[in-house]
Amino acid sequence: MSPTFEELSVGQDIGSRSIEVTRQDLVKYAGASGDFNPIHWNEAFATGVELPGVIAHGMFTMGAAVQLVSDWAGDPAAVVDYQTRFTKPVLVTDTTGTGDAGAVIDVSGAVGALDADARTARVDLTVVFDGQKVLVKAQALVRLA
Amino acid sequence: MTINPDLQGRSYPAAEVYDVGREKIREFARAVKATHPAHFDVDAAQGLGHPDLVAPPTFAIIIAQRADAQLIEDPEAGIDFSRVVHADQRFTHHRPIFAGDRLVAELHVDGVRAMGGGAMITTRSEIFALTDGDGREPVSTTKSSILVRGEGQ
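First to last, the protein sequences are chains A and B.
Residue 65 in UniProt numbering sits at position 65 of the first sequence, with consecutive numbering throughout.
Residue 112 in UniProt numbering sits at position 112 of the second sequence, with consecutive numbering throughout.
Just chain A, with the same shape it has in the complex (with noise of 0.2 Å):
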């Protein structure tokens, strides 16, 4: 199942996946994560500080991207460093009641380097929103057997 090291090469695709997220999904990741900051929940305060309205936590776009990566080591323990710089807002869209999305986040990973002496790879994450990378430099170090 998890992919050894002496079968990846630089460049391969780890895969994909669409994030689907709704105003209720930041409000979970608010109370998880235990970050309130209303610019995540509250329409007339997020755009009372001059954004264009209520935005994902980047936390939680880092947090759901790296799934991709712990799925595919096949132990979320192997991700032993994961960073990323926030480039754009996701705006995520009211349809509460509705059942549709409030925003749709693509994620697709590709091996970028390897480390044969401490057998890692560098998983690069391309993090799409509405046709912008949202994330940039995302880059999950994966330790392998």
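Think of the hints as simulated: they come from the structure by calculation, not from any bench.
A portion of the hints provided could be inaccurate.
A few chain B residues that don't get close to chain A, going by computed Cβ distances all over 10 Å [as the list claims (entries may be wrong)]:
| id | residue |
| --- | --- |
| 1 | 42 |
| 2 | 73 |
| 3 | 124 |
| 4 | 138 |
What follows is a list of derived Cβ distance ranges for each label pair [claimed, not checked]:
| id | chain 1 | residue 1 | chain 2 | residue 2 | range |
| --- | --- | --- | --- | --- | --- |
| 5 | B | 49 | A | 93 | 40 to 48 Å |
| 6 | A | 18 | B | 114 | 37 to 45 Å |
| 7 | B | 113 | A | 49 | 20 to 28 Å |
| 8 | A | 51 | B | 11 | 29 to 37 Å |
Since we're looking at a predicted model, the values are computed, not measured.
Virtual Cβ for every residue (Gly too), placed ideally from N, Cα, C.
Let chain A serve as the given structure and place chain B on it in line with the hints.
Frame of chain A, contents of chain B only:
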């Protein structure tokens, strides 16, 4: 409002202990839409050789942001939380976080620089697990930059 440049180099010592519970790991995992069984099922985690449930790779943000709150809420810092935007984040795990860990975080302010009417502030949390006796074991180093937007930014 201006950011106090003297913040650079400041440290806040480990304050309260954060007890990592199984239900918190499950709650956080659901909140980031994780489905790996090592976050939910103790037998599955132990089957991978872990002592208990494994926290998702970004779980340490809970502890890091509690540490950051000491700075953000410090009246001497001059930070308006409603104008804070997260600019970048890094987690370096010296070992995974498991249910049952008792964690503390030391906060270091590594950088403060003016940007427009605002400022970019870089912090680092050194997170340790308390061990039997008085020891502590390095668990994670988290680095975070926040942009405090000036008016009109």
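Verification of the hints:
Residue placement check: residue 42/B keeps its beta carbon more than 10 Å from all beta carbons of chain A (closest about 14 Å). Here residue 73/B stays apart from chain A, with its beta-carbon at least about 13 Å from theirs, past the 10 Å limit. Remark: the non-interface label on residue 124/B is consistent with the geometry, its nearest Cβ contact in chain A lying 13 Å away (cut-off 10 Å). Distance to chain A confirms residue 138/B as a non-interface residue, since its nearest Cβ pair spans about 13 Å, more than 10 Å.
The hinted window of 40 to 48 Å between residue 49/B and residue 93/A holds, with their beta carbons roughly 43 Å apart. In this structure, residue 18/A and residue 114/B meet the distance hint of 37 to 45 Å, their C-beta atoms being roughly 39 Å apart. At about 22 Å, the CB distance of residue 113/B to residue 49/A agrees with the hint of 20 to 28 Å. In this structure the hint that residue 51/A and residue 11/B lie 29 to 37 Å apart at CB holds, the actual value being about 32 Å.
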